[in-house]
Amino acid sequence: MQLSHLALFTLPLIVASKPLGNDQPSFFYKPLTLTFHGGPASYSLSFPADGNTYSTNNGLTINRISNTDFNIFYGCNFYFADDGGKPVTTTPSADGKELQVGTPRVVTGVSCQPTPGGANTCLPVYASCEWCGGANGQGGCHLLNCCSGYCAATKCRPTS
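Residue numbers for the sequence shown follow the numbering used here, so the first one is 1 and each next one is one higher.
Some hints could be false.
Across the chosen pairs, the derived CB separations fall in these ranges [unchecked claim]: (1) Gln-100 x Ser-160: 43 to 49 angstroms; (2) Gln-100 x Pro-48: 23 to 29 angstroms; (3) Ala-119 x Lys-155: 21 to 27 angstroms; (4) Cys-122 x Thr-68: 29 to 35 angstroms; (5) Asn-145 x Thr-53: 19 to 25 angstroms; (6) Ala-81 x Gly-149: 38 to 44 angstroms; (7) Lys-86 x Asn-145: 34 to 40 angstroms; (8) Thr-154 x Pro-31: 20 to 26 angstroms; (9) Tyr-126 x Leu-60: 33 to 39 angstroms; (10) Ser-44 x Pro-87: 22 to 28 angstroms; (11) Asn-145 x Ser-93: 23 to 29 angstroms; (12) Ser-44 x Ala-152: 32 to 38 angstroms; (13) Arg-157 x Tyr-79: 27 to 33 angstroms; (14) Phe-27 x Ser-55: 23 to 29 angstroms.
Source of the hints: derived by calculation from the structure; they are not laboratory data. Built from N, CA and C at the ideal position, the CB exists for glycine as well.
Start from the sequences, fold in the hints, and give me the full structure.
What follows is the structure, encoded as structure tokens:
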């Protein structure tokens, strides 16, 4: 009888405990900080590289965009204020981490390729797995790395 009381007492503790060795790091997107330069003035914008478009909310006319650890030329799309139809030329640095903006212009928004952050190396189920853009709109479209290994209809899909 005592054994059954002990079993009834410990059963909820066993059920509530986590299995050992299954600690997966929680997923997060790579955090980015871009600096927008307009002559001697500048401002920074921090956001996750998750494919969403983020508004700059700043009217400064920009001639250079920089960051420290992400190829923004191929990995980001920049949206500029209309300036009477004048073309916008972006010229990358050798590593793509800095852009010169020809015909300086107000940047209204930016979106960057979904990129896992930290120890993550792939995108989770239902994350966006298709990226179109970069290279001043000439980057084309390509599929990103899904942890499940399966990208369909622009999203990482479960395999079972």
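Flag every earlier hint the structure violates by its number, smallest first. 4
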